[in-house]
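Number of protein chains: 2
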Amino acid sequence: MKPLIVAALTLLSIGSTTQDTPDSRVQRVVADARFGAAMAAIDRDHDRLVSEIIKLTEIPAPPFMEEKRGAAYLEMLRAHKLADVERDEIGNVMGIRRGTGPAGGPLVAIVAHLDTVFPEGTDVTVKRAGTRLTAPGVGDNSRSLAVLLAMLRAMDETGIRTATDILFVGDVGEEGLGDLRGTKFLLQKGKYKDRIKQFIAVDGSGDGGSIANGAVASKRYRATFKGPGGHSYGAFGLVNPAFAMGAAMQKFSAITVPAAPKTTFNVGVVGGGTSVNSIPFETWMEVDMRSESPLELEKVETQFLMIVKQAVADENKVRSTKEGALTVDAKPVGDRPGGQTPANSPIVQIAMASAKAAGATPSLSFGSTDANIPISMGIPAVRVASGGRGDRAHALEEWIDVEKPASLRGIRALMATLIALAELRPTEAGSSAPARR
Amino acid sequence: MKPLIVAALTLLSIGSTTQDTPDSRVQRVVADARFGAAMAAIDRDHDRLVSEIIKLTEIPAPPFMEEKRGAAYLEMLRAHKLADVERDEIGNVMGIRRGTGPAGGPLVAIVAHLDTVFPEGTDVTVKRAGTRLTAPGVGDNSRSLAVLLAMLRAMDETGIRTATDILFVGDVGEEGLGDLRGTKFLLQKGKYKDRIKQFIAVDGSGDGGSIANGAVASKRYRATFKGPGGHSYGAFGLVNPAFAMGAAMQKFSAITVPAAPKTTFNVGVVGGGTSVNSIPFETWMEVDMRSESPLELEKVETQFLMIVKQAVADENKVRSTKEGALTVDAKPVGDRPGGQTPANSPIVQIAMASAKAAGATPSLSFGSTDANIPISMGIPAVRVASGGRGDRAHALEEWIDVEKPASLRGIRALMATLIALAELRPTEAGSSAPARR
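Protein sequences appear in the order of chains A and B. Counting in the numbering used here, the first sequence runs without a single skipped number right up to 437 at its last residue. Counting in the numbering used here, the second sequence runs without a single skipped number right up to 437 at its last residue.
FYI, nobody ran anything at the bench for these hints, they're computed from the structure. Since the structure is predicted, the reported quantities are computational estimates derived from the model, not experimental observations. Any given hint could turn out to be false.
The calculated lysine-lysine pairs, modelled on PhoX-like cross-linking and capped at a C-alpha distance of 25 Å, are [as the list claims (entries may be wrong)]:
#, chain 1, residue 1, chain 2, residue 2
1, A, LYS55, A, LYS404
2, B, LYS251, A, LYS322
3, A, LYS251, A, LYS81
4, B, LYS322, A, LYS317
5, A, LYS251, B, LYS251
6, A, LYS251, B, LYS262
7, B, LYS309, A, LYS262
8, A, LYS127, B, LYS322
9, B, LYS309, A, LYS251
10, A, LYS309, B, LYS322
11, A, LYS251, B, LYS184
Chain A extracted, bound-state conformation:
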């Protein structure tokens, strides 16, 4: 799993040997004086973290409209000591924190998505009550974006160097119909596509204990029901796409799915029709289905496709098709591959050891995040939370708690994971090796 060039560098390194265990690698990081100083800096810098969370949250970033937040984040990245800070052609913004190895070597990518699920016009003002911040997108994913910057500052301030380059990314297209296009571009087309060998998606709140090494596969559809339309009174009796869609929604809502492997379904957005007194000529709904099991996902998908077809056939039977029959077009609009980074792989073991070292209880789970793409490509990847507590992601009442202890615990786990994966090095080669060496 570890690429050759990293193996080669490892031989030159002072901190790791081929006998290293994940635990010992993490222990070396958290015991390093600079790591302690970095955590102290993050503690001291806490208010700035909070104000950057608020700043980012209050820049709307609806799906496909991440531009403004991306531009702001690009400027924030520029204010740190990064090389090649830039926006790529899909809209991801990023910069490299150079390691001690030769330029052009393998990278650890750490990414937080810029976009939210909330449409244009949503009030994104952050309401603060004590340590609780309430606003759409505040935890999913503004905190993560701000935590990346806080870690950068702390690592710079305390002279933490790593062998491997680290790519810090604010990416687009994680939510809604974005279909992970930011991460797909990064790993499949972007300039670093062949260099990214380890991948951390920072997403959501939590103390670092919940590590997602499994990628929930998902299928998304936009089903469009079309008919002749007409006057609600004059043409009464013609097939109505809203009626067929209603029947499909009702039936879809009643399917059964297993609790484990966790399998879910959703009607997320609906629309269509021109006026109250017209039979619509078109209605549509957007549907999301997910499962930890590809087999269960396929079952749900098959049922969904049968249900919409059947609903249209039924409506064509009970009402008149003399002006034309109803049709339905179920168009795939998202297909997130699933998979799993093996539990015994170094990245998972290091993330778990880091959580333990931060005082959290590690557990492995499934998620549906930017990590789906690397996982499906066989690139070792995990999703780790950004610290603290929070809930109600994707709801208007989304909130996070920014109380310090829980915030620091999460960041400690995350930063230990990042530095252990990128391999800690002395500040100046050979000159200021930490005492404990």
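Given chain A, work out where chain B should sit, using these hints.
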């Protein structure tokens, strides 16, 4: 039914006596040389009628956005010999064709609505194939607007005078959620509210035979389903307003209504949700219900309100309400009163006699048009078509045929009705009485 002042004028008039039958009044009109000349002018002027239909159709006039078409129609009214051409504060545009009676007397109002059901952005380009014009709104109601102008020109050119003033109106708010606000304003608040004693709504295509003296009552609702919302995967299991709405749509689609008295129901517009991967916190649908019978309408309304309530209660039972329960708010957004202008009233009898005189077969029907308001207020009113053939109103494929014979037949019935109601007078008082007197 006939107001005193009209009765008084009648005594002075040359063309009507208290023994007049509707038939004889219409016969006197259609036998008048000027009426024949006016129809000849409309025949000659046919291409202008068609080009004005196209011009008006291609100015979008979505519900509540009639301003541009209203402004254009105001200019078109100004180009004719009308007094007091103006736009009222609700957006109706109008002008008076003065009769021979004293100023400020009773009025015959002839109205055609400016608005269409089609939302902003709909392609309203008219596609022409032979005598067939296809475009959203072309028959409902651009033709009627253009026919009003064609009649005006023909009456002016041939010196047709009437005892009673005629108010020509292009009105707003007939369609969608407009809730007849244009006509309501005209009859309940506008400057002519106490003067309008007879009312003709010109609406849709047809040869003048179909006369609507009945007003279909309608009720309209916007039902909004609200819930806590949440992440489609993380919060799976929470109540989903789209599921409740789907169940309500499905059940509503299955209610039974009588064919006579004609009773209808429709889900016309649906919307809601923020993203495919979020449980919506809100979805909504707009519903239209109509009946010739107030009792049947009430039955449908009661069922609708029960169905949405029950759908929400069911969803609250089968899924989790731990973050909040679903609610539904069914808000009335339209209430068109019903009623009937008696079949034996002069306005209905004159419209039927005019249809017969034009070679059409008169029949009485129910409609839901601007005429609902005067009918509900006890003001004699009918809806008459604007001539020709057409179909698919409220559909994108709406079309009319502008072949001349059918167009002229409808206009002949309409113009005869209008002139007979306003009472034909000689061109110059006493000086040029038609030969047949």
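Hint-by-hint comparison with the structure:
Between the alpha carbons of A:LYS55 and A:LYS404 the distance comes to roughly 19 Å, so the proposed pair stays at or under 25 Å and holds. Annotation: proposed proximity of B:LYS251 to A:LYS322 holds, straight-line Cα distance about 23 Å (limit 25 Å). About 55 Å separates the Cα atoms of A:LYS251 and A:LYS81, which puts this hinted pair outside 25 Å; it is violated. For the hint pairing B:LYS322 with A:LYS317, the CA-to-CA distance comes to about 40 Å; that exceeds 25 Å, so the pair is violated.
A hinted pair counts as satisfied when its Cα atoms are at most 25 Å apart, and A:LYS251 with B:LYS251 qualifies at roughly 12 Å. This hinted pair does not check out: A:LYS251 and B:LYS262 have alpha carbons roughly 31 Å apart, beyond 25 Å. Between B:LYS309 and A:LYS262 the CA atoms are separated by roughly 31 Å; this puts the pair beyond 25 Å, and the hint is violated. Only pairs whose Cα atoms come within 25 Å are accepted, and A:LYS127 paired with B:LYS322 is accepted, the gap being roughly 23 Å.
Restraint check: the Cα-Cα separation between B:LYS309 and A:LYS251 comes to about 18 Å, which is no more than 25 Å; the hinted pair holds. For the suggested pair A:LYS309 and B:LYS322, the alpha carbons sit about 34 Å apart, so the restraint of at most 25 Å is broken. A hinted pair counts as satisfied when its Cα atoms are at most 25 Å apart, and A:LYS251 with B:LYS184 does not qualify at roughly 43 Å.
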